[in-house]
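So the protein sequences, as listed, match chains A and B.
For the first sequence, this note's numbering begins at 1 and goes up steadily by one.
For the second sequence, this note's numbering begins at 1 and goes up steadily by one.
To be clear, the hints were calculated from the coordinates, so they are not data collected in a lab.
In this text the structure is predicted, and so the values were computed from the model without any measurement.
Check each hint, because a few of them may be wrong.
Covered stretches of chain A, going by a simulated chain B footprint (3 or more residues, C-beta under 8 Å) [as the list claims (entries may be wrong)]:
| id | stretch |
| --- | --- |
| 1 | 62-74 |
| 2 | 103-110 |
| 3 | 131-143 |
| 4 | 236-249 |
| 5 | 295-309 |
| 6 | 312-322 |
Computed list of chain A residues with no C-beta within reach of chain B, every gap over 10 Å [stated by the list, open to error]:
| id | residue |
| --- | --- |
| 7 | F30 |
| 8 | L35 |
| 9 | G126 |
| 10 | R167 |
| 11 | A177 |
| 12 | L178 |
| 13 | V188 |
| 14 | L196 |
| 15 | L228 |
| 16 | G277 |
| 17 | R325 |
Every residue, glycine too, gets a C-beta built ideally from N, C-alpha and C.
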Amino acid sequence: MTEAARPVREAASRMPAFLRRVDPAVATAFGCIILLLLVGSLYSRNFLSPEYLLQQLKVASFLGVIATGMMLVILLGQIDLSVPWVVTTGAMMASFASSFGPWGVILGIPFGILCGVLLGLLNGVGVAYLRIPSMIITLATNAVAQGIMVVYSGGFSPKDTASPPMRYLATGFIIPALPNAVIVWAIVGGIAVFLLTRTTFGRAVYGIGNRERAAYLSGINTRRIVMLTFAMSGGLAAVGGVLLAGYASKAAQSMGDAYLLPSIAAVVLGGTSILGGRGSYLGTVAGVILITLLQSILSVMQMPESGRQIVYGVVIVGMMLLYGRERLVR
Amino acid sequence: MKEWRFWFAEQRGTLLAIGIFVVMFTIYLTNHPAIANSGYNVATLSNIAQTAANKGVLLAFVAMAQSLVVITAGIDLSVGMTFTLTNCLASWIVVGSPLQTAGGVLGVLAVGALCGAINGAIVIFGRLQPIVTTIATGAIYFGIALALRPFPGGSVNGDLADLLTGKIFDVFPASLVVLAGVVVVVWIPFSRSVTGRGAYAVGSSDLAAYMSGVPVRRAKFVAYTLSGLLASIGGLFLTFFTYTGEAALASGNTYTLFSIAAVVLGGVSLFGGKGSAIGAIFGALAFRTIGDLLFVFNFDPLWQPLFQGVVLMIAVSLGAFGLFRVRNRLEWFG
Numbered sequence: 001m002t003e004a005a006r007p008v009r010e011a012a013s014r015m016p017a018f019l020r021r022v023d024p025a026v027a028t029a030f031g032c033i034i035l036l037l038l039v040g041s042l043y044s045r046n047f048l049s050p051e052y053l054l055q056q057l058k059v060a061s062f063l064g065v066i067a068t069g070m071m072l073v074i075l076l077g078q079i080d081l082s083v084p085w086v087v088t089t090g091a092m093m094a095s096f097a098s099s100f101g102p103w104g105v106i107l108g109i110p111f112g113i114l115c116g117v118l119l120g121l122l123n124g125v126g127v128a129y130l131r132i133p134s135m136i137i138t139l140a141t142n143a144v145a146q147g148i149m150v151v152y153s154g155g156f157s158p159k160d161t162a163s164p165p166m167r168y169l170a171t172g173f174i175i176p177a178l179p180n181a182v183i184v185w186a187i188v189g190g191i192a193v194f195l196l197t198r199t200t201f202g203r204a205v206y207g208i209g210n211r212e213r214a215a216y217l218s219g220i221n222t223r224r225i226v227m228l229t230f231a232m233s234g235g236l237a238a239v240g241g242v243l244l245a246g247y248a249s250k251a252a253q254s255m256g257d258a259y260l261l262p263s264i265a266a267v268v269l270g271g272t273s274i275l276g277g278r279g280s281y282l283g284t285v286a287g288v289i290l291i292t293l294l295q296s297i298l299s300v301m302q303m304p305e306s307g308r309q310i311v312y313g314v315v316i317v318g319m320m321l322l323y324g325r326e327r328l329v330r
Numbered sequence: 001m002k003e004w005r006f007w008f009a010e011q012r013g014t015l016l017a018i019g020i021f022v023v024m025f026t027i028y029l030t031n032h033p034a035i036a037n038s039g040y041n042v043a044t045l046s047n048i049a050q051t052a053a054n055k056g057v058l059l060a061f062v063a064m065a066q067s068l069v070v071i072t073a074g075i076d077l078s079v080g081m082t083f084t085l086t087n088c089l090a091s092w093i094v095v096g097s098p099l100q101t102a103g104g105v106l107g108v109l110a111v112g113a114l115c116g117a118i119n120g121a122i123v124i125f126g127r128l129q130p131i132v133t134t135i136a137t138g139a140i141y142f143g144i145a146l147a148l149r150p151f152p153g154g155s156v157n158g159d160l161a162d163l164l165t166g167k168i169f170d171v172f173p174a175s176l177v178v179l180a181g182v183v184v185v186v187w188i189p190f191s192r193s194v195t196g197r198g199a200y201a202v203g204s205s206d207l208a209a210y211m212s213g214v215p216v217r218r219a220k221f222v223a224y225t226l227s228g229l230l231a232s233i234g235g236l237f238l239t240f241f242t243y244t245g246e247a248a249l250a251s252g253n254t255y256t257l258f259s260i261a262a263v264v265l266g267g268v269s270l271f272g273g274k275g276s277a278i279g280a281i282f283g284a285l286a287f288r289t290i291g292d293l294l295f296v297f298n299f300d301p302l303w304q305p306l307f308q309g310v311v312l313m314i315a316v317s318l319g320a321f322g323l324f325r326v327r328n329r330l331e332w333f334g
């Protein structure tokens, strides 16, 4: 193993410094993005036009915001399966609050996000303090959120529509030609990068992901960090829901279903280890863009839904086999 | 002398699941409107049992499938999609003369086992994490299901369907008999074989199992393959109940998520190496009964998802009582 690795390392040492620091997973993901763009441009000349690319970036920003929360949780070595209904809760509650006059419109977005944070906190308390496996407690939270929303909406899509601020946030342009949703993703991403690389919180997240026991023994309040991270994930899922509701101009029953597996896939394709402790935000950005472009190209090629699902699965397995394999222990 | 203690310690989760199910089902039974109308007699009881069994066996098969993988410390997020795929396939090929039908059934089972085997091969030889692998293969299986049945439709051999969803001797639900048969034919031989014990050993500690000369790869591969097979039996039964094949994303995902919940209720540890498929079956039946409890209490069906969620939340939180036994805080971190 070490013998085989030596030539690789020697080759690496001859590379310029900035290239050496690049994670091969992230590099592969960006390589695949360029490949996808080239393939796409063969099918349609509009594919490389700025309008089309910005449109893709806008669609990607919904997934990007949700995947940011998912990435934080995955870095801990946990998983958040409550995304579908937390997204829907955020969207529905923000629209619901907006039906209460001007104050409701102003407070609607924070209220929706607050609901997401509360659900995330429920996850966090379960995982951190009650030591319930995250896969289970987030599943239960998802079921509870679904239950509350079904009771609230009566089993149909609610009548409340997205408020003007929500629509502006998702579809407006504060800077000409740059959709607001992309700006939201950029802000969320910027904060995430800052938290992960420049604060003790970020160090603690990576530490817990590597070995929670060791992090605890080094004096980190691991339980509080885990709880906060889940709360952030819930909040970000709700932000994603608010954006989606603004984009579609109303909340719908199963609007979050399409975001659970892609968000996990985006994080993992970006080189973050599903076991936690390893990964960079740049990789997640690459993963999100990769998945969005893939879905878009397949629909440009007018492939039926069945073919799209198959290609989607094959691409994930293929890319993970390229760089996501675990080390051989024995 | 102390043998029964070890047996008890090993089977505690399973026994607890049986206990939960018995309590839930007793509450369900004693409040059932049919009982209130006509009292306890064989015909009423067998009708109730048939309805409950036909609802419960689908999840029971899928939960059994999930439990095999979970015992090896893996997770199968594609189990609901294998279920959907085999449902769609069965609506094409389980038709015609008895011979054709038998061939169709075998074909469906083979495809299910193949789905499981593909998962196993990617996890073992590709060295990918089960959770990532099965997300991806789940998308592939769903894609194939959608290609088979872009719109709900198809048919199934009616005689076979009626036989397997009806009652034996007009008393006993046939689907339960099949479920028991599958336990006897698949689970018991597996759990008593070297391979089956290997699956438990791998779940407890991959490395220790390897060091002790346990056939690690074979154990995992067989567990994943059997898991696919069991999911396909579930898919067959879905076809027998509905007489159609339908590739519905929501239904596949729901079965995957419910199967995890059922497995946990059934006392199978998500960390692997603990629990049994029988526990998972009772976990599944208990989970279904919880959902039906509201029906007998005449609640608005709108409240069903919330009720199910809250019960699930309470059930999983009960595990936290184990924390009181912890003497050293480092044990928190497993």
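Here's how the hints hold up against the structure:
1. Restraint check on the stretch 62-74 of chain A versus chain B: 0 residues with Cβ-Cβ distances below 8 Å, three needed, restraint violated.
2. Coverage of a stretch by a chain is defined here by at least three residues with a beta carbon nearer than 8 Å to that chain's beta carbons; for the stretch 103-110 of chain A and chain B the count is 0, and the condition is violated.
3. Beta-carbon proximity to chain B at under 8 Å applies to 11 residues in the stretch 131-143 of chain A; the threshold of 3 is reached and the given coverage holds.
4. Residue count for the stretch 236-249 of chain A with a Cβ under 8 Å from a Cβ of chain B: 0. That is fewer than the three needed, and the coverage hint is violated.
5. Requiring three or more residues with a Cβ within less than 8 Å of a Cβ of chain B, the coverage given for the stretch 295-309 of chain A holds, as 6 such residues are present.
6. For the stretch 312-322 of chain A, the stated coverage by chain B is satisfied: 7 residues place a CB nearer than 8 Å to a CB of that chain, which reaches the threshold of 3.
7. Against chain B, the non-interface label of F30 (chain A) holds: every CB pair exceeds 10 Å, the least being about 20 Å.
8. Against the 10 Å criterion, L35 (chain A) stays outside the reach of chain B, whose nearest CB is about 19 Å from its own CB.
9. Its beta-carbon lying about 7 Å from the closest one in chain B, G126 (chain A) breaks the requirement of being farther than 10 Å from that chain.
10. With a least CB separation of 27 Å from chain B, R167 (chain A) remains clear of the 10 Å interface cut-off, as annotated.
11. The beta carbon of A177 (chain A) is kept farther than 10 Å from every beta carbon of chain B, the shortest such distance being approximately 34 Å.
12. Every CB of chain B is more than 10 Å from the CB of L178 (chain A) (nearest about 32 Å), matching its label as outside the interface.
13. For V188 (chain A), the requirement that its beta carbon stay farther than 10 Å from each beta carbon of chain B is met, with the minimum near 24 Å.
14. Residue placement check: L196 (chain A) keeps its beta carbon more than 10 Å from all beta carbons of chain B (closest about 21 Å).
15. Interface exclusion of L228 (chain A) from chain B stands, the closest Cβ pair being 17 Å apart, more than 10 Å.
16. Taking the minimum C-beta to C-beta distance to chain B, about 14 Å, the non-interface status of G277 (chain A) holds against the 10 Å cut.
17. A Cβ of chain B approaches the Cβ of R325 (chain A) within 10 Å, the least distance being about 4 Å, so the stated non-interface status is violated.
Hint violations for this structure: numbers 1, 2, 4, 9 and 17, all remaining hints satisfied.
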